[in-house]
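Asker: Taken in sequence, the protein lines are chains V and P. If you use the numbering used here, the first sequence corresponds to residues 1 to 237, in order. If you use the numbering used here, the second sequence corresponds to residues 1001 to 1237, in order.
Because the hints were derived from the structure by calculation, they are not lab data. Where is the CB? At the ideal position from N, CA and C, for every residue including glycine. Careful, some of the hints might be misleading.
[Unchecked claim] Listed next, the stretches of chain V that the computed footprint assigns to chain P, with coverage defined by at least 3 CB atoms under 8 Å from CB atoms of chain P:
| id | region |
| --- | --- |
| 1 | 9–23 |
| 2 | 61–75 |
| 3 | 110–119 |
| 4 | 143–149 |
[Stated by the list, open to error] Which residues of chain V face chain P? A few of them, derived with a C-beta cut under 7 Å, are:
| id | residue |
| --- | --- |
| 5 | Lys94 |
| 6 | Val97 |
| 7 | Val103 |
| 8 | Tyr105 |
| 9 | Glu122 |
| 10 | Val123 |
| 11 | Gly125 |
| 12 | Leu136 |
| 13 | Ser139 |
| 14 | Ala164 |
| 15 | Gly166 |
2 protein chains.
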Amino acid sequence: MQNIATQGIPQGSGRKAIVLLSGGLDSMVVAGLVREAGYRINALTIDYNQRHRREIEAALAIATHLKAERHVILPLDLRRFGGSALTADIEVPKEGVGDDIPVTYVPARNLLFLSLTLAWAEVVGATDIFIGVNALDYSGYPDCRPEFISAFADLANLATKAGAEGARFTIHAPLQFMGKADIARESHRLALDSAMSWSCYDPQPAGRPCGLCDSCRLRRAGFAAAGLTDGLDYAAG
Amino acid sequence: MQNIATQGIPQGSGRKAIVLLSGGLDSMVVAGLVREAGYRINALTIDYNQRHRREIEAALAIATHLKAERHVILPLDLRRFGGSALTADIEVPKEGVGDDIPVTYVPARNLLFLSLTLAWAEVVGATDIFIGVNALDYSGYPDCRPEFISAFADLANLATKAGAEGARFTIHAPLQFMGKADIARESHRLALDSAMSWSCYDPQPAGRPCGLCDSCRLRRAGFAAAGLTDGLDYAAG
């Protein structure tokens, strides 16, 4: 797997990094690692008119806390396409994580978001792109698999002027092979307040996470397994 | 090159096709070929806040003329990133087509646009995606090269739930190896009014194409070489 880095983060030494910052726990931890490694954070958040737009507020708080050099919140209304419980009137499943790819899958989302990070990276002259995908405690989304991330990294060099002229983009996915308990531990080690992030797909009244969607379940199980307290106030479960 | 089709178009037999419709001559001809082949046209136009937003009106006229089943005009404000003469305050070159990739290159544009077509294709259950790229009479953009289109096609199957479940997307680039004169001839053969399309990067007062940007030059040279009249009223040249 060329062009992708899944173990650790090299020293940034003041270089610019483009960080895909959804506002979830995973992207918060990635951004924390990027800051720790000494990069200048250029954070990109996509407002895709998602059901859980609450995560955008979280992204804003995280970018501010981590002193991002720049934070772009880019609107891309994926409700125009629909096709997901996060972008159409389809109920978010609450029964627990199953074996199939769930209806919360958003068609081609990570491809779209990585393509946007690449576009911005090329404009600002950065070649280090960070994304918080992981494929251990996850919902089975195809675009979280290492083979997808690796293929995207190869494509990045073909798709761009910078690549045609010899630049080599690296897609860093430092959480790729980490479980949620490890991610919770990293959050704690980096002294990141977990309540600053938002994972729930189905925000409840009074701004509380539902506690029962896949995303809540995976997150809660991670904190529990790590023996850590999650700062969020769940509505149920 | 698996998964890409650059020679002719198979019969659509009423299947849905996703057509990336910029409003330029090339995408108009592609849409005409798609209609001729008997597909149901689902046209996608990206309003990326481009300098030549006039092309969006052209896309609308073309989609209406070709009786597209659906036409989505999706806003994606690439001026938030900038970095191109089409999305920032950078002058459009008028000296003629050179050897280098020009400043009208928009970072990762075709990757972004193909990713959006893929997302929509997956939602509507289509696997045939059409794009009007060509790499003969063109400005040297890296994301018009067949190796990029081919790599994207491979990635499409990794990036999606449909692909993970066995669907195979095909990226049709029927103009890939055609020159502009051939494209002008196809436009004529399909009885498409060239004035319905818009290619100019730098629209002039009174809604006239400049006649001097790369896009105007390539188009005019194509019509001239084909011995055909272009219905547009150029401001100069």
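Asker: So, for every hint listed, does it hold in this structure?
Answerer: These are the hints, each one checked on the structure:
| no. | hint | in the structure |
| --- | --- | --- |
| 1 | 9–23 | violated (count 0) |
| 2 | 61–75 | holds (count 3) |
| 3 | 110–119 | holds (count 7) |
| 4 | 143–149 | holds (count 4) |
| 5 | Lys94 | violated (20 Å) |
| 6 | Val97 | violated (16 Å) |
| 7 | Val103 | violated (10 Å) |
| 8 | Tyr105 | holds (5 Å) |
| 9 | Glu122 | holds (4 Å) |
| 10 | Val123 | holds (3 Å) |
| 11 | Gly125 | violated (9 Å) |
| 12 | Leu136 | violated (17 Å) |
| 13 | Ser139 | violated (11 Å) |
| 14 | Ala164 | holds (4 Å) |
| 15 | Gly166 | violated (12 Å) |
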